[in-house]
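Student: Let the sequences and hints guide you as you build the complete structure.
For reference, each letter of the sequence shown is one residue, going 70 to 363 in my numbering.
Everything labelled a hint here was simulated from the structure, so no lab data went into it.
Note that CB positions come from ideal geometry on N, CA and C, so glycine has one too.
Heads up, a few of these hints could be off.
[Unchecked claim] Below, in silico cross-link-like pairs of lysine to aspartate or glutamate (EDC-like), each with a Cα-Cα straight-line distance of 20 Å or less: (1) Lys89 / Asp105; (2) Lys355 / Asp335; (3) Lys241 / Glu231; (4) Lys164 / Glu231; (5) Lys89 / Asp297; (6) Lys340 / Glu330; (7) Lys164 / Asp85; (8) Lys327 / Glu352; (9) Lys354 / Asp339; (10) Lys241 / Asp206; (11) Lys354 / Asp335; (12) Lys228 / Asp297; (13) Lys89 / Asp171; (14) Lys355 / Glu330; (15) Lys241 / Asp229; (16) Lys164 / Asp229; (17) Lys340 / Glu352; (18) Lys327 / Asp287; (19) Lys340 / Asp359; (20) Lys164 / Asp148; (21) Lys241 / Glu230; (22) Lys343 / Glu353; (23) Lys355 / Asp339; (24) Lys228 / Asp171; (25) Lys286 / Asp359; (26) Lys164 / Glu230; (27) Lys327 / Asp297; (28) Lys340 / Glu353.
[Stated by the list, open to error] Between beta-carbon pairs, the in silico distance windows are: (29) Leu251 / Asn113: 42 to 48 Å; (30) Pro136 / Ile240: 37 to 43 Å; (31) Ser304 / Phe197: 24 to 30 Å; (32) Leu109 / Ile240: 28 to 34 Å; (33) Lys298 / Arg102: 32 to 38 Å; (34) Tyr147 / Gly84: 20 to 26 Å; (35) Arg102 / Ile73: 15 to 21 Å; (36) Phe112 / Lys228: 51 to 57 Å; (37) Thr130 / Phe197: 15 to 21 Å; (38) Ala117 / Trp137: 15 to 21 Å; (39) Asn76 / Phe197: 24 to 30 Å.
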Amino acid sequence: MDSIFINLKNRFIAGDMLTKLLFINVGVFLLVRIVDLLSLLFFNHSLATELRYLEFPSSPTMLLSQPWSLLTYMFLHYDALHILFNLLWLYWFGKLFMNYFDSRKLCGVYLLGGMFGALLFMVAYNIFPYFASSMHDSYLLGASASVMAVVFGVSFYAKDEEVMLFFLGRIKIYYLAIFTLLLDLLSVTSANAGGHLAHLGGALFGIWFAYGMRRGKDLTRPFNLLMDKLVDLFSHKPKMKVTYNKRTETDYEYNARKQREMSNLDAILDKLKKSGYQSLSSEEKKQLFDASKK
70 MDSIFINLKN RFIAGDMLTK LLFINVGVFL LVRIVDLLSL LFFNHSLATE
120 LRYLEFPSSP TMLLSQPWSL LTYMFLHYDA LHILFNLLWL YWFGKLFMNY
170 FDSRKLCGVY LLGGMFGALL FMVAYNIFPY FASSMHDSYL LGASASVMAV
220 VFGVSFYAKD EEVMLFFLGR IKIYYLAIFT LLLDLLSVTS ANAGGHLAHL
270 GGALFGIWFA YGMRRGKDLT RPFNLLMDKL VDLFSHKPKM KVTYNKRTET
320 DYEYNARKQR EMSNLDAILD KLKKSGYQSL SSEEKKQLFD ASKK
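Tutor: In C-alpha cells form, the structure reads like this:
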C-alpha cells in the first residue's frame, strides 16, 4: 500500500501541469466523498451544507463572505459522472493544448477560464429576471468552465487540428468547439443553467486567449507573474549572509606582501624537492600547510 502512495506521489511531482490538474481534481473528489461517507455512517449527516463554503455562490454578498470559493469551486466535484466527463475532456484537449503551449499557460487558462465562467454565472443570475427566484440559493461547482477554456483555447488556436469521433469520422476540433458552444447557449434556461453559463464564460476566455496568442500576446502572463510573487511571498527562503573582508593596507603594501609570500613559498618548495619534508622547519611546514588550504 505504501508503495502505491509513493508511486502516485512521485508521478505527481514528476508530472507536467496537466497531470497535476488531473491528480488534484481526483484527489479532492475522493477526499470529499470519503469524508461525506464517514459522516453519513457515523453521524447520519451529509456534508452538503459544509460544501457550500467551497462552491461559488451566485450572490455577490455571499461571495464576500467566502472569496476563496472563486478558486476552490473549480476543483470540487461530488457526482462521479460529473468529474469523469470533465477530466476526460481535460485529458484529451489538455494533451492537444500541451502540443502548442507550455504548462504555465495551461495553468493560467485553467484558472482564469474558471474565474471567467464563475463571474459570467454570477452576472447572469443578477441581471436576468429569469434567475431572480433562484439567485440567493444557486451555487456552482466543478471544473467545467476551466475545461471549456482549455478546449476553446486550443481549438481556436489550432483550427486545423482534427479528432476522430464515432459515426462522424475525423472532424476539426474547431467545429466541435462551435457545436458545444451552441449547445451551451441554447441550454442557459435549462435545469443546469448555471453550469451552461459557466461553460460559456470559460469558452469566451479560451477564445480570447487563442486570438491573443495569434497576435503574440499571452493573456495568462500577468496572472502567472502575480502567482509567482504570491508563491515567493509565502515561501520561506533562507537569508543569504554576505561578509566582506576589510583590508586596511594600501595596494602597494598588499602587492608587496603577496610577492614576499610567493617568494617564501617557492623557497620552501625548492627545499622540499631537494631535501625532503623532514628538512623543513616547523614554521616552514606551517606556511606550506596554510598555502595548501588557499
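Student: Work down the list of hints and note, for each, if the structure agrees.
Tutor: Results for each hint:
1. The hinted pair formed by Lys89 and Asp105 fails the criterion: a straight-line CA distance of about 24 Å is larger than 20 Å.
2. The hinted pair formed by Lys355 and Asp335 meets the criterion: a straight-line CA distance of about 14 Å does not exceed 20 Å.
3. Annotation: proposed proximity of Lys241 to Glu231 holds, straight-line Cα distance about 4 Å (limit 20 Å).
4. As the CA atoms of Lys164 and Glu231 are separated by approximately 13 Å, the hinted pair is consistent with the 20 Å bound.
5. Between Lys89 and Asp297 the CA atoms are separated by roughly 17 Å; this keeps the pair inside 20 Å, and the hint holds.
6. A threshold of 20 Å between alpha carbons decides the hint, and for Lys340 with Glu330 the separation of about 15 Å falls inside it, so the pair holds.
7. A threshold of 20 Å between alpha carbons decides the hint, and for Lys164 with Asp85 the separation of about 11 Å falls inside it, so the pair holds.
8. A C-alpha spacing of about 18 Å is found between Lys327 and Glu352, which places the hinted pair at or below 20 Å, so the restraint holds.
9. Restraint check for Lys354 and Asp339: satisfied, since their Cα atoms lie roughly 13 Å apart, inside the 20 Å limit.
10. Pair hint Lys241 plus Asp206 does not hold up; C-alpha atoms about 39 Å apart against a cutoff of 20 Å.
11. Annotation: proposed proximity of Lys354 to Asp335 holds, straight-line Cα distance about 13 Å (limit 20 Å).
12. Restraint check for Lys228 and Asp297: not satisfied, since their Cα atoms lie roughly 31 Å apart, outside the 20 Å limit.
13. Under the criterion of a C-alpha separation no larger than 20 Å, the hint pairing Lys89 with Asp171 is consistent with the structure, at around 14 Å.
14. Restraint check for Lys355 and Glu330: the C-alpha separation of about 13 Å stays at or below 20 Å, so the hint holds.
15. For the proposed pair Lys241 and Asp229, the alpha carbon gap of about 6 Å is at most 20 Å, so the pair holds.
16. At roughly 16 Å between alpha-carbon atoms, Lys164 and Asp229 fall within 20 Å of each other, so this suggested pair holds.
17. Using a Cα cut-off of 20 Å, the hinted pair Lys340 and Glu352 holds, with the two alpha carbons roughly 13 Å apart.
18. Of the supplied pair hints, the one linking Lys327 and Asp287 is violated, its CA atoms being roughly 57 Å apart against a limit of 20 Å.
19. At roughly 17 Å between alpha-carbon atoms, Lys340 and Asp359 fall within 20 Å of each other, so this suggested pair holds.
20. With a C-alpha separation of about 24 Å, the suggested pair Lys164 and Asp148 falls outside the 20 Å cut-off, and the hint is violated.
21. With a C-alpha separation of about 6 Å, the suggested pair Lys241 and Glu230 falls inside the 20 Å cut-off, and the hint holds.
22. The straight-line distance between the Cα atoms of Lys343 and Glu353 is roughly 15 Å, inside the 20 Å bound, and the hint therefore holds.
23. Among the hinted pairs, Lys355 with Asp339 is consistent with the structure: their alpha-carbon atoms are about 16 Å apart, no more than 20 Å.
24. Note on Lys228 and Asp171: the hinted pairing holds, with a Cα-Cα distance of about 18 Å set against a maximum of 20 Å.
25. Restraint check for Lys286 and Asp359: not satisfied, since their Cα atoms lie roughly 59 Å apart, outside the 20 Å limit.
26. Proximity of Lys164 to Glu230 is assessed by CA-CA distance (about 12 Å); at most 20 Å being required, the pair is judged to hold.
27. With a CA separation close to 48 Å, the supplied pair Lys327 and Asp297 exceeds the 20 Å bound.
28. Distance restraint check for Lys340 and Glu353: the Cα-Cα separation of roughly 10 Å lies within the 20 Å cut-off, and the hinted pair is therefore satisfied.
29. Separation of Leu251 from Asn113 is about 45 Å and conforms to the stated range, judged on CB atoms against 42 to 48 Å.
30. Evaluation of the 37 to 43 Å hint for Pro136 and Ile240 yields a pass: the beta carbon distance comes to about 41 Å.
31. At roughly 43 Å, the beta-carbon separation of Ser304 and Phe197 lies outside the given 24 to 30 Å, and the hint is violated.
32. Under the hint 28 to 34 Å, the C-beta atoms of Leu109 and Ile240, about 44 Å apart, miss the expected range.
33. The beta-carbon spacing between Lys298 and Arg102, approximately 35 Å, falls within the hinted interval of 32 to 38 Å.
34. Look at Tyr147 against Gly84: about 25 Å separates their beta carbons, and that is inside 20 to 26 Å.
35. As the Cβ distance of Arg102 to Ile73 is approximately 19 Å, the hint placing it in 15 to 21 Å holds.
36. Restraint check, Phe112 to Lys228: a C-beta distance of roughly 53 Å satisfies the suggested window 51 to 57 Å.
37. Remark: the range hint 15 to 21 Å for Thr130 to Phe197 is upheld by a beta-carbon distance near 18 Å.
38. As the Cβ distance of Ala117 to Trp137 is approximately 18 Å, the hint placing it in 15 to 21 Å holds.
39. Between Asn76 and Phe197, the C-beta spacing of about 49 Å breaks the proposed range 24 to 30 Å.
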